[in-house]
Amino acid sequence: MNSKSIYRVLLCFFHSEFCLLSSVNNHHLLLLASVMAGTSRHDKEMAMDAKRRLSECSDPVERLRLQCLARGSSGIKGLGRTFKIMDDDNSRSLDLKEFLKGLNDYGILMEKQEAMALFQQFDRDGSGTIDFDEFLITLRVTKEEFVNYYCGVSASVDSDVYFILMMKNAWKL
Numbered sequence: 001m002n003s004k005s006i007y008r009v010l011l012c013f014f015h016s017e018f019c020l021l022s023s024v025n026n027h028h029l030l031l032l033a034s035v036m037a038g039t040s041r042h043d044k045e046m047a048m049d050a051k052r053r054l055s056e057c058s059d060p061v062e063r064l065r066l067q068c069l070a071r072g073s074s075g076i077k078g079l080g081r082t083f084k085i086m087d088d089d090n091s092r093s094l095d096l097k098e099f100l101k102g103l104n105d106y107g108i109l110m111e112k113q114e115a116m117a118l119f120q121q122f123d124r125d126g127s128g129t130i131d132f133d134e135f136l137i138t139l140r141v142t143k144e145e146f147v148n149y150y151c152g153v154s155a156s157v158d159s160d161v162y163f164i165l166m167m168k169n170a171w172k173l
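Take 1 as the starting number for the sequence shown in the UniProt record's numbering and just add one per residue.
I should point out that these hints are in silico values taken from the structure, not numbers from a laboratory.
Each statement offered as a hint is correct.
Here are the simulated BS3-like cross-link-like pairs (lysine-lysine), alpha carbons at most 30 Å apart as the crow flies:
#1 K101 x K112
#2 K51 x K112
#3 K44 x K143
#4 K84 x K97
#5 K143 x K168
Ranges between beta-carbon positions, derived for each pair:
#6 K101 x L165: 36 to 44 Å
#7 G128 x V61: 12 to 20 Å
#8 R124 x D160: 34 to 42 Å
#9 D89 x Q113: 20 to 28 Å
#10 Q113 x Y162: 44 to 52 Å
#11 D49 x R92: 30 to 38 Å
#12 Y162 x R53: 28 to 36 Å
#13 R92 x R52: 32 to 40 Å
#14 Q113 x R53: 17 to 25 Å
#15 D88 x K112: 17 to 25 Å
Idealized CB from N, CA, C, for every residue including glycine.
With the hints as constraints, model all of the structure from the sequences given.
This is the structure:
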């Protein structure tokens, strides 16, 4: 990776951290791995890596993230959209029953015990429900995943001007 790519990625990362914090407060879903459409090759590599790591992983939250990433760059974003669909009683939060049904409807393969442990990890305030903020914060992509994603995007763009235009459009700057 050249210094230009590193610079581009760092700019995106610092801006995205600001956007993520803003989005939590405004109840908007901004999941960094799915902000822009990835190149198909990069998407396939990410999905293959997620599937490989899934067999080695035991943490319920990480397993959920990996199952979403195995669907490609829009996997986590899709699960975020599914949050509203899971919320059967329109309470803007999920109880255990809604959560288990939603995981099943979204096609997340998980034992009931593992799903219950996952629910407890999402329920940071111990209220017995998961609100959207808890859901969003728990599913954040890691810094490494973010950097890897934008390195792939940056490598596929020849012009700095075009890359800046893409970032402005993606982040609505």
